[in-house]
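From just these sequences and the hints, can you work out the full model?
1 is the number of the first residue of the sequence shown in this note's numbering; add one for each residue after it.
Since the hints were made in silico from the structure, they are not lab data. One should not assume that every hint holds.
To be verified - Label-pair ranges, simulated between beta-carbon atoms:
#, residue 1, residue 2, range
1, Val41, Trp4, 26 to 32 Å
2, Trp4, Val45, 22 to 28 Å
3, Leu48, Phe3, 17 to 23 Å
4, Gln36, Ala59, 33 to 39 Å
5, Ile28, Met1, 30 to 36 Å
6, Leu15, Gln36, 27 to 33 Å
7, Ser56, Val16, 35 to 41 Å
8, Gly35, Leu15, 17 to 23 Å
9, Leu25, Trp4, 27 to 33 Å
Please read all numbers here as calculations on a predicted model, not as lab measurements. Where is the CB? At the ideal position from N, CA and C, for every residue including glycine.
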Amino acid sequence: MLFWSKLIGGIVLVLVGVFWMLQGLNVIQGYLMSGQTTFFVVGVVVALVGAWLLWSVRADRGKVHVG
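This is the structure in structure tokens:
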């Protein structure tokens with residue numbers, strides 16, 4: 001269950017982070033967040049957390065859990 005939670009959470013966070021980064025850079029327009037540098041920075045942080053979750057899923061894949 002933890003595997004799927006990390007996988008889905010990581011994918012969602014990366015997608016949301018990239019979306020926010022593009023809004024912050026004013027690539028995606030029409031939202032209140034468009035052109036706001038703060039949302040670019042927040043997007044980078046969110047995308048990095050998502051990438052870390054995806055990496056941890058891959059790193060745990062080869063381990064055998066007892067219990």
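Hint check:
1. Val41 x Trp4: 26 to 32 Å: Holds - the Cβ-Cβ distance for Val41 and Trp4, about 30 Å, lies within 26 to 32 Å.
2. Trp4 x Val45: 22 to 28 Å: Holds, at about 24 Å.
3. Leu48 x Phe3: 17 to 23 Å: The hinted range 17 to 23 Å holds for Leu48 and Phe3, with Cβ atoms some 21 Å apart.
4. Gln36 x Ala59: 33 to 39 Å: Hint holds: Cβ distance 34 Å, inside 33 to 39 Å.
5. Ile28 x Met1: 30 to 36 Å: Holds, since Ile28 and Met1 (Cβ atoms, about 34 Å apart) stay within the stated range.
6. Leu15 x Gln36: 27 to 33 Å: violated (19 Å)
7. Ser56 x Val16: 35 to 41 Å: violated (18 Å)
8. Gly35 x Leu15: 17 to 23 Å: holds (21 Å)
9. Leu25 x Trp4: 27 to 33 Å: Holds, at about 32 Å.
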